[in-house]
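Asks: Since the structure of chain V is already known, use the hints to place chain B on it.
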Amino acid sequence: MRLILRNGFVYDPLNGINGEKMDICIENGKIVEDVKDAKVIDCSGKVVMPGGVEIHSHIAGGKVNTGRIMRPEDHLKNVMPKTRLTRAANGYSTPSTFLTGYLYAKLGYTTAFTAAMPPLMARHTHEELHDIPMLDKGALTLMGNNWFVMRYLKRGDVELAAAFAAWLLRAAKGYAIKVVNPGGGEAWGWGRDVRNLDDPVPHFDITPREIITGLTRVNEMLSLPHSIHLHANNLGRVGNYLTTLETMELANGTKPARERQVVQLTHVQFHSYGGDSWRTFASEAESIAKAVNSKDNVIVDVGQVVFGDTTTMTADGPMEYYLSSLTGLKWSNRNIELETSPGVTPFIYSKRSPVAAVQWAIGLELALHIKDPLKVLLTTDHPNGAPFFRYPTIIAWLMSSRYREETMKEVHGAAQRNTTLATIDREYDFYEIAAVTRAGQAKSLGLAEKGHLGAGADADVAVYDINPEEVDPSRDYKLVEERFSATSYTIKDGEIVVKDGEIVKVVNGRTLYVDAKVDSELERELERDLDYYFKRFYSVNLANYPVQEVYLTRPTPIEVKTNVR
Amino acid sequence: MREVVLTPKEQPPYGLIAECISCDVFAGRSIEEIEALPVYYGNRQGKLGDFFDVAGEPADKAGELRIIIEGDVTKTRWIGRDMSAGEIVIKGSADMYVGAWMSGGRIVVEGDVGTFSGMQMRGGELHVKGSAGDYLGCSYRGEWRGMSGGRIVVEGNAGAEVGQNLNGGRIFVRGSVDTFAGVRMKKGLLVVGSAIDRVGAQMTGGAIVVLNGVQRLLPGFDPAGDVENPEIEGESFEGVFRKYTGDHAERNARGVLYIKV
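Chains as they are written, first to last, in my numbering: chain V, 1 to 565; chain B, 1 to 261.
Misleading hints may appear alongside valid ones.
Looking from chain B toward chain V, a few residues come up when the C-beta cut is under 7 angstroms (computed) [as the list claims (entries may be wrong)]:
(1) E70
(2) Y140
(3) R141
(4) G142
These are calculated hints, taken from the structure and not from any lab test.
None of these values were measured; they are calculated from a predicted model.
Idealized CB from N, CA, C, for every residue including glycine.
Chain V with its partners taken away, still in its complex shape (with noise of 0.2 angstroms):
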């Protein structure tokens, strides 16, 4: 399909276009410089950007789906019917596999990483993966407590550590190195968790600075496209933030192998937490983004807190059960052998509570304190903050500062009084909204063809319903936040899959994984012990244990050239 999207305001920060009115020219699922014979879509008065890309979100996977199991309350709403196109749908934080394509869809995003796959839980996983229509998807995949990883780490032996996560992103499909809570759910099967960076984890005897600093060597050794992603201990603790700003300095002298950060610091709006006591519960925000602002190697995703109902779900399950031992809800936790330990529970954000008021300041702080749009990624964790279709609402909380204090006037004073929220002028433009919802999304994730909108970039694009020239966001905050909930025009490679707001094509997205290959003796010596563990401690046989292609939707290995041996 050739198309041309004429005369729209562009917003393509990889390529610094910001704003000019110009035309967008496709041709076979690709941006090419001009076309001929294409149908025409009027963009004028239009904002157009790439497709957005989601970096961190728990959309498919064992625990997506105990959360849909112990919620049958959350699947009353958002019930959608069956039309001519979708299938019937529901669910609010737990929504279905195909009501998370649709929604993405219609916020103009056209690729998705599941956050946080246990290689276990692969095939689920992927299972998962496959009915999310209209998206290009991917899975982190968690290797921060894998016996594996630990042992090889413990002993120095990185090589062969990096000769095991090559085989593991293989054997799972996944695309990138998860590392959650590092050392804390192995300690967590011992009824224990780590609480510093040099806790040492049981029998294994590592520590999570260990782990942390092995597996960004690991990462860069095999020249991975995306750094090490990375969820640090004590989320969700007061007074964690001296924890991340002792993490971050993990990454110092750690040259990446490629054109990107050396670590992403996720869902960082969990571990900006000062104070010494929930009731003196804190920001420390700002010394967050004063640390990310002078490191160039290390950057972070937000996890936005929006006030609702929802579930929270982390692989992180000493940090479930605590959360839960405060609320008194319903929870789950999960043994996953020898890799990890999820948990799951409900949470309100309720705008009375002192705790969440701040929490939701805190994101906000962290994305306006933060200088470089590029470093800091917008992300609500999905559902843990909020449930990704509500990234609208925060877009019109960052491009306006009278819209952030209309919304602090309705929630506890503790917002006022304990963040740095009140004293921020700072208001995105469309421009930073841009970086901050998907060019540097991709390029945290190396996706050389998505995220800008440059000739053979993939033809992933967003049209969105607003008039720069004629809207100031500052003050028509309910217009930005309408108009960037449902697009004028979604095109997944080059196909209107949206169009204004409704979806009106339904199509299948690829399944990016990354294939690294190491040197075959170092193979044969990883196969050696995989064979002897396997039959000793998990569950499943060695040659059951990988996913095969033909659980992905259009599957797409990313070859990698490694740095080993």
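Replies: Chain B in isolation, oriented as in the chain V frame:
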């Protein structure tokens, strides 16, 4: 008050989802428009007029309308869902979910109601002259915030888990109730005739009154003396009641259970 009368025609052999039978939905609609309201059965969609003869005088406001259902509708579900005002009189028995999420107005049922009736009610009144099924005035599956206001009166018996997760409002069952009455209740008042066992399991607040005895009490309840003619949650009771606090299997339990001696 104006009246719209629904006379049941041939009913489907399985559940008829008729959440449109509510004064809020009927208000401002003509008889023809009411007949055309959607109902669902099996995997099909039909019109209310396919299953009911609709007659009478519609009203503009829900509060000025009374809906009368002439006879048994034992396959019809969700009558009065989300209703905020007005009155529904069912001159027979109805199926599940009568008055679910109701916030105002009144529903009178001359026969019986099925399970999950009065689910998560927020206000108004549900009066059942016959008996109720399981989960009367309970919360939806998985939901921990149950009925929060209003009043349910059942003149006959009710099934298991009456007032589960009760979080306000009042439930009165004159006859007997099955197991787990008031389970996980947090607020409000539950009055029952007689009960079998596990009354008030995991309750942390509110009050349960049993007028004709419990077969077996849970060990999480501690005796707290006898009281005469007590006033409980604003209602007066006659006679001598043995008072218990519980369920101490829960942390900070402040529930009170009164059993008439």
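Asks: State for each hint whether it applies.
Replies: Consistency of the hints with the structure:
1. Hint on E70 of chain B is violated. Least Cβ distance to chain V is approximately 31 angstroms, over the 7 angstroms limit.
2. At its closest, the beta carbon of Y140 of chain B sits 5 angstroms from a beta carbon of chain V; the interface hint therefore holds under the 7 angstroms criterion.
3. The beta carbon of R141 of chain B comes within 4 angstroms of a beta carbon in chain V, closer than 7 angstroms, and the hint placing it at the interface holds.
4. Evaluation of the G142 of chain B hint against chain V yields a held restraint, the C-beta minimum of about 4 angstroms falling below 7 angstroms.
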